[in-house]
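This is what each chain is made of:
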Amino acid sequence: RKEVEQDPGPFNVPEGATVAFNCTYSNSASQSFFWYRQDCRKEPKLLMSVYSSGNEDGRFTAQLNRASQYISLLIRDSKLSDSATYLCVVIINYGQNFVFGPGTRLSVLP
Amino acid sequence: EAGVTQFPSHSVIEKGQTVTLRCDPISGHDNLYWYRRVMGKEIKFLLHFVKESKQDESGMPNNRFLAERTGGTYSTLKVQPAELEDSGVYFCASSQLTDVGYEQYFGPGTRLTVT
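Those protein sequence lines, which keep their order, are chains B and X.
Each residue of the first sequence is one higher than the last, beginning at 1 in the working numbering.
Each residue of the second sequence is one higher than the last, beginning at 1001 in the working numbering.
What you were told as hints is all true, and nothing was included just to trick you.
Here are some, though not all, of the chain B residues that point toward chain X, as calculated from beta-carbon distances under 8 Å:
#1 Lys42
#2 Glu43
#3 Pro44
#4 Leu46
#5 Ser49
#6 Gly95
#7 Gln96
#8 Asn97
#9 Phe98
#10 Phe100
#11 Gly101
#12 Pro102
Here are the simulated PhoX-like pairs of lysine-lysine, each with C-alpha atoms no more than 25 Å apart in a straight line:
#13 X/Lys1078 <-> X/Lys1041
#14 B/Lys2 <-> X/Lys1044
#15 B/Lys2 <-> B/Lys45
#16 B/Lys45 <-> X/Lys1051
#17 B/Lys45 <-> X/Lys1041
Worth flagging that the hints you see were computed from the coordinates, not collected in a lab.
Ideal Cβ placement from N, Cα and C applies to all residues, glycine included.
So here's chain X without its partners, still in its complex pose (with noise of 0.2 Å):
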């Protein structure tokens, strides 16, 4: 079974560029969520769908980010415009409902370095 993908693996942008991050979850999890780790920081919650709805996007820094998830499958994340402390790694990750809660797995991440 395919693990969680992420594209891109990395991305360079100048600050004030927008930058779109996708994430594809393991089929058949209604569960997706964003999380970031900025360097030297613990990895941070971002938001959470639940299918294509938005249950928890408690944790989204401000206004220049946006995540999607049209049709309840692939999600995207865009920044913009993108500033320097958006620099870091963005996790993805996917859960279905099991005996012990929400396991979640990751993907691999997009490294994003705004200059």
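Next up, chain B with everything else stripped away, as it sits in the complex (with noise of 0.2 Å):
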């Protein structure tokens, strides 16, 4: 079983759509949770850090659930440059090193 898991997508949505991304993680000693977004042949660049109480940040709001082994990213009124790669990133037990998933590819359509 991989370490973190994602939604397989891809998600094609239209302008204006509301969408949710789902990701699970394996190991219980996960300790910082974040988001990052992956444009097609670009490095993964941060969108946002997720806190235990959940956070937003203008359209898109995230989500942990640490009982079930889940974090969620929502994004609101989707824009086409919200189309790219999501990947869920997690840090395990007290180290830094990242552990990330599949990713989940978004398409805006028109």
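Take the two lone chains and join them into the complex the hints point to.
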């Protein structure tokens, strides 16, 4: 079983739609959680850190459920520019190296 | 502020040759990481430096890979001799401790093709 699993996608949604991605992690010792986005042939870029209480940044909302070992990302009012691969990232124990999920690809259509 | 930079952006070499990748982290970041994405797979951790010391090299695939960070500034990753399965994109990242942990900032990557 992979340490971090994500919805396989791809998600094809119209502009203005709301879309949610799910991520599960297998190691209960996971400590820190992030969402990164990666455009085609580019580097991963930090979208948001995920706090225990959940957090919101504009159109983006992240939730963490430690009991279920589950993270989610909600994007409201999708824009064409949101098209990318969304990577769920976990830090296990008190290490610092990232464990990446395989990513979920989003295409926002006009 | 300049981001993480990597050189070269692309490298095509033959099996058995040597290649050295370079990473310049964000100024002031003590933590430097190397990752690799091979085709069709997720990004995988290779190793982590804190300043000039190797903190964790558990992800290094074998002894053909050698990473250095002399002086705690830039880092190099040498592959010698290269094999076909070493092809992929090598990302470098750097970080400094923040309130939520170690948010990492990635460089543009070096795309390595071994033929």
